[in-house]
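Undergrad: Chains as they are written, first to last, in my numbering: chain X, 1 to 266; chain F, 1001 to 1147.
The hints are simulated quantities; they were obtained by calculation from the structure and are not laboratory data. There may be inaccurate statements among the hints.
Reference excerpt, derived from the structure (chain X facing chain F, CB under 8 Å, subset only) [as the list claims (entries may be wrong)]: (1) P60; (2) T91; (3) P93; (4) P105; (5) S106; (6) K107; (7) H109; (8) D113; (9) R117.
Beta carbons are placed, not taken as given, at the ideal position from N, Cα and C, and that holds for glycine.
One letter stands for each residue in the lines below.
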Amino acid sequence: MKILFWNTQKKPLASEITELIAEEDCDIAAFCETDEKTVVDAIGALEIQHNRTYLFQTTPGCDRIKVILKKEINGITLLNQHKYFSLMKLTKPGKELIIGFVHLPSKMHHSLDEIRRASELLNCQIQEEEAAHGINDSLIMGDFNVDPFEMPMISFTGMSATNSIDCMNKDVITRAEESKRLFYNPMWSLYSSHSERPGSHKFRRFGEDVINWHFLDQVIIRPSLINKFDFKALKLIFNTTSFMFTNRNGRPVASDHLPISCEVEF
Amino acid sequence: MSIWNKKFNEPSAEFPDRVVLNIIEPFENAAENLASLKLVRLESIARMSSNLASSTFQFKLVLVSDSLKGYSFEVLKFGYDVTLYPTKVIFEDDIAKELGVNIGMFGENISAFSSQEEFKQAIETALTTKKFSETVGGLIKVAKKMW
């Protein structure tokens, strides 16, 4: 199952999206800061230019994220829809997977505490859905608007997304009588492969810190998915045949974010 | 003289959850039986993260559909103590924005309604916002496709 996510910065990138999806051959793609028309145009172009049929998945209640699916993907059930995230369940005979797409509040307009609160709501909702449907495997992807090392991602009350693969052995932690399942964050592995420009987004917050490159776009998985996750397939996408998504300095220019894709056995 | 000679009066006001149940009762018909509103009592983890921690009784109002099992959209949460009112309400973010609710420093919006009438009016207003109407409309469209 190949999944793609891109924050398109409110730009009409239907041609870029069309070629990106066709070349990546992803099963599910989600976009944020993207209007419905752009996505629908891309679906039309995929059909006409590439003979690929994708369908638009409406997510009533979550306007910030647009999702499209390969026609062959059956067994999608919408779960909780929230301003900042859209959760859905994928079902195959004998298998179930929760996939979530997120676009959390931006640091430009919100404090880290506000983003941590949104992360907490998201994490609680995922736990609620996992419990309600008896599912262990969840994959959450999107623009978290924080780096993998920031508190909304790593705190117990946030996403609880660890960098320790040992979480495969013990995926529940308990603090003050509250237990939480951990997430594993594979994005840490991209810091070494993108050591010159570690991030999908370049932004400098003058006076606050000295970090230029940010992995705001991330995928996190439940530890039970680690062995089914293809670490080599986790990547930032810099170009398609006809489109460069960065300038000569490596800075994202098509949008201010780069697309990210991953693959999980399902 | 015993201090227990006086009679204890129960408040005449309705429970906030009863108020909400009365408001939402006709909703399913209005939504062509393709969407419904469900009142859920908050327990355990959901209580801890609700921002209504000081309220003894906590509920959330959720939009669901029989045609889309699993779908949910939380419209609001509310909580109250034994005095029933004031009742605290946390609206969905976009609904809160439409209602002009002040946002706290952690991004939370909490409003307190001191009487049954004020609470009833606030819930009715929330259920007539653009965000709520559009979400219900989108849900009905998807639910129809499922039939």
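Undergrad: Run every hint past the structure and note whether it holds.
TA: Here is what the structure says about each hint:
The closest approach between the C-beta of X/P60 and any C-beta of chain F is roughly 3 Å, which is under the 8 Å cut-off, so the hint is satisfied. For X/T91, the interface hint is violated, the least distance from its beta-carbon to any beta-carbon of chain F being 10 Å, above 8 Å. Violation of the interface hint for X/P93 is found here, the shortest Cβ-Cβ separation to chain F being roughly 18 Å, above the 8 Å cut-off. A least Cβ separation of about 7 Å between X/P105 and chain F falls short of the 8 Å threshold, and the interface hint therefore holds.
Annotation: interface hint on X/S106 violated; nearest CB of chain F at approximately 12 Å, more than 8 Å. With its C-beta approaching chain F no nearer than about 12 Å, X/K107 sits outside the 8 Å limit, and its interface hint is violated. For the restraint placing X/H109 at the interface with chain F, the shortest Cβ-Cβ distance is roughly 10 Å, beyond the 8 Å limit, so the hint is violated. Hint on X/D113 holds. Least Cβ distance to chain F is approximately 5 Å, under the 8 Å limit.
This hint holds: X/R117 has a C-beta 5 Å from the nearest C-beta of chain F, less than the 8 Å allowed.
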